[in-house]
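**Student:** Sequence:
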Amino acid sequence: MRAQLTSLASPTDLYVDFYDRDRIAAWVNEYPGVAAWVRSVAGRALNGWTSIYRLSSNKTTTAFLADGSTCLLDESRKPGQALEILSGVERLRDELRRHGRCVRLIGLSGVGKTRLVQALFEDSVGTEPLDPSIAVYTDYSTETRPSARDMACDLINRGEPAILIVDNCNPETHSELAKICSESGAPISLLTVEYDVREDEPERTDVFRLKGASSDLIEKWIEQNFGHISEVDRRTIAAFSDGNFRIANALAETLGRGETLGKVKSRDLIQRIFRQRNVEDGSLQMAAEDLSLAYSVDGEDISAESELAQIAEMRGVDARSLYQVIVELRQRNVVQARGRWRAILPQAIANGLASTAVARTHQDTLDNLIRLATPRLRASISRRLGYLHDVPEARAAAARWLRSDGAFGDLFNPATQDLRIITNLAPLAPGDAMGRISEAVQIYPEIADCGSRKRWEWIRLIKALSYETEHFNSAAQLLMQFIATEPTGNQVDSAREAFSEMFQLYLSGTQASPETRRALVANLLGSDEEDSRACGLLALQALLKTSYFSSSTSFDFGARSRSWGWHPQSSSDVCDWYVRAIRLCVHLSDRIDEPRQILAQSVRGLWRYEACHGALEDAAEALLKRAHWIDGWISLRATLRFDGKKMPREYRTRLEALIDRLQPVDLLDRARAAVLGRGVDGLEASSAEADDESGMHAWKRASLMAQGVGRELALAPSVREVFMSELMVATDVQRAYECGMGLAEGAPTLLETWELLLSDYERADAARRDATVLGGFLRQAKELDAEFTEGALESSLSRGSLIPIQPYLQARVGLDQVGISRMRRALAAGLLEAPAFVHIANGLVEHSPPALLAALLADIARLASGEWVALEILHMYFFSNKSTSSTAPRALVEVGQGILASLKFKSASVQRVHSAGEVAKICCSTSDPEPARSVAESLCLSLEAGDIHFHEVREIINALCEAHPHVMLDTFLLRASEDSLGRRWDTGGSKGLAYRSMGLQAIQSWASINAVHRYPLLGAVMWLFSRGDFEEGTKIDPIFEGLLRGAPDRVMFLGKFDRQVYPLRWNGSIKDMLRNRRSELTRLAAEMPGEVADWVHCGLPLIERWIANAIETEHHQEEAFE
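Going by the numbering used here, the first residue of the sequence shown is number 258, and it counts up by one from there.
Don't read these hints as lab results, they were simulated from the structure.
Computed from a predicted model, the values in this text were never measured in an experiment.
Hints may be right or wrong, so weigh each one.
Said to hold, decoys possible - Just the calculated beta-carbon pair ranges, DEER-fashion:
hint	residue 1	residue 2	range
1	303	543	55 to 63 Å
2	597	1344	41 to 49 Å
3	1302	1106	47 to 55 Å
Claimed, not checked - 35 Å max Cα-Cα, derived DSBU-like pairs, lysine-lysine:
hint	residue 1	residue 2
4	1328	1163
5	882	902
6	468	711
7	1178	1139
8	1178	1163
9	436	468
10	1163	1039
11	1292	1178
12	802	903
Using N, Cα and C, we set each Cβ at its ideal position, and we do this for glycine too.
Make the full structure from the sequences, and use the hints.
**Tutor:** Set out below in structure tokens:
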């Protein structure tokens, strides 16, 4: 090569090297797109995979057309953001340049999604196109090997930049690919394309919807590709195609030179799509109409029980004839394929054909098809008919099928319900669906129960039915039945959230007018039923919501026109909404108090609207006539504090005037504001200004204000009595303790004020009264007069009303020697029950004398259910003193051992079980194994009885295993029957791996005592492959492998191959997990020849079958249209 350069002026200045095939291949493999192109050119392409270069050359690729009306909708935002197409191209490019990003491009079939994908890589479209050399493309409508999952994993393993593009990718496959790509950390991004994603909201994904092209753009495209078609015919085709390039292309291809469409009707245009350049065949179109009744159909099976046979019977033909029709329609690009599945696309054509089929088919024939169809075909037919709400025969069919004696009437039974079908048919007969759901909830109330398997699907469907005004009240009443079963604070499948959204200004999902919604709120809050009033309050809060609007459900409903719901058309509509909601609060406040509080919580957002100022001022005046509006005053001060500096001057002036008008003046109102105030941690009650110069925080000032009010109340007996009658039974009180401290500080005499407070306490409702203010009083009184405090506590034992709260009062001043003695005397006299001592676990036990505290705990533990209370107090002592097994006082360790052994774990809370685990780490870590044995035996009994599950007490078991592994193995294994072994060790779960806490050496030493008997026991409860809390691993567990090497009979230790190798749970692809496990087993066999290698080799064919089945299953899932 250098010899060829000698004629040049400076040949040595040139670098010369030889690139052989290996070096070229290595370079090619750095660029997935180039590699795919080379494979295609060489005739060795991966089945279904190509490069963007090849994609462009295989299709008729003309210049990318765009106009101002073509748009891309960013559906990752609510509501969606519309982008002009070129801006959308740049947005897509920006997303795909970022590693780990996943993009989903959706839109109806034929609107140009694939052409848009090509445009992302073209330098003639916009600026800075994507690099085609790193992109690989597949269309899942064709046979694809390897699968997209495998390709993604291969690209990730290479570690080179790559863009993976999967066309016609169903939602399930997309979700798995998105998880793989987003979590890999590799320089890969994902773009999937799908023709329809209703009810699909994928995670880790930015979703963009390509809208149909304008008629002008379709005309330009036809002119570009079919120059012989006249302008008039271009306009006709564009109007019929409705923005769909595929329909436009099919029609354009039917026109030869010199032909014209003239004034043909849409029906004639559909016939042209089918006839194209072929002889007219009416039976072909009729067959296509029948096929289109299903959203998709198995197009390969022609057996007597096949889906084709069931549809063919309706026409009086056989499955083979219908199969031939599918083949012909596929050649005409009317039918698309995904594996074995076939579908008529685009939907505009399929829905039109199905409409004709339903209209000409006798209802008995249609009903017979539904009754005989396979479950999958029934669901598919229901999905197609769900788009035909404008076809009377389809609506009638849905109404028949949804009746209690109809084809789908049994689906409302919780035992058989398939809500996909009910949801599909609901758009056809919303009134019938609503009525049947109401009946179902009455007959089967468990439908609404929290934890019900289909609960969220019911909620979502009911909310979708609320869109029309005539169904709004019924939908709301139905959701109220779901709300009635929800615990407070429930965030899972929340009916409260869906119900509330129906009453908000934006994204409500209903066209019900503001008047309709307010009327329902007033009706609910006027009800005598507590559940109805609770729902009314939720709705009232939603009416006043001013920001952070969102929807927990989608807005699609078959093919019916839907929007985000009623929304204001002007700023005056917005103001009218809120002003009327404010007035409704005032009106409702004449009957109940809660609307006053709800309005107060909303004033900050409402004050942003000038039109609401007058309404709030009027509301304040009206509310003041009934009682002082403390909550409103606090919230208005918060508004001034947080927003005042940014307000227009006139807004602030008006706000300050309203605050002055509501300012509490007398002591009673100031006490309500300072002590009962429900601001955010009481901040707003203290000051509307910023923190003072000393750095004292607002919450501290609020506490001092409450303490100051307490001092004043001590000197105003009549006001104190009125206020205490409210305070003692109030809920969610912010600063009662501080008020009590102030009462002690301001008391003329401690004894006199204490007696008055006790009288106030005793007058309050015994079921509701709260002693927090008494605790605050005694806490401060101890600082002022310890002798008085001791006397007050001692006398409480002889005052019946105070006996149940005596431990609480004692805990407020500390649990010293005298206090412990006092409570032990009360216990000995039988005056106290275990629940009364719960307050001590939250009190001051840090400095309690250990020996005396141990005696008290022993007394408490002997009470009914007292062992758990005693345990929590002991845990608080250890926690406060940062105790360890070596520093904890002996007396407390011993009493803790006894408490642990006496625990009954049935129905124990998570917090209590955690406390038990922490105490066990300290009390059972001594050299004496017997305490650990006692606790272990107690745990075994509870596990075998089913009172608890292994994962609930794993923390205790791990602590015991770490401290005394031999004791745990003796108790849990040697003394277990075959039936109880699984319950003791959670052998079917992933969380019962306590042997990890023991360590290999400890287990080996235990097993060696009687190896022949003990190794098989260990093998029965251990797993060959490592496991985590939520998934299983692919690496052999090191403890298991270590034991395997020492087992006298390794095959017996290993046990059954399928139990040890086939996973019970996994994330991602089971095929990949099995392949990784196969590799690990191969390594194990190589390292341990003989019986272990034989065990592995005998099982490998089984793994191969599992992998083959997984591949087949994944392939079918990926190819599905539905």
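**Student:** Each hint: holds or not?
**Tutor:** Evaluation of the provided hints:
A hinted range of 55 to 63 Å is violated for the C-beta pair residue 303 and residue 543, which are about 40 Å apart. For residue 597 and residue 1344, the Cβ-Cβ distance of about 44 Å falls inside the hinted range of 41 to 49 Å, so the restraint holds. Residue 1302 and residue 1106 have their C-beta atoms about 53 Å apart, which keeps the hinted 47 to 55 Å range intact. The hinted pair formed by residue 1328 and residue 1163 fails the criterion: a straight-line CA distance of about 40 Å is larger than 35 Å.
A hinted pair counts as satisfied when its Cα atoms are at most 35 Å apart, and residue 882 with residue 902 qualifies at roughly 31 Å. Of the supplied pair hints, the one linking residue 468 and residue 711 holds, its CA atoms being roughly 33 Å apart against a limit of 35 Å. For a cut-off of 35 Å, the pair hint linking residue 1178 to residue 1139 stands: about 13 Å separates their Cα positions. Of the pairs offered as hints, the one joining residue 1178 and residue 1163 holds, with about 21 Å between alpha carbons and a cut-off of 35 Å not exceeded.
Between residue 436 and residue 468, the direct Cα distance comes to roughly 27 Å. Compliance with the 35 Å bound is thereby established for this hinted pair. Straight-line distance between C-alpha atoms of residue 1163 and residue 1039 comes to about 41 Å, which puts the hinted pair past the 35 Å bound. Taking the CA atoms of residue 1292 and residue 1178, the gap is about 30 Å. The hint holds against a cut of 35 Å. A hinted pair counts as satisfied when its Cα atoms are at most 35 Å apart, and residue 802 with residue 903 qualifies at roughly 21 Å.
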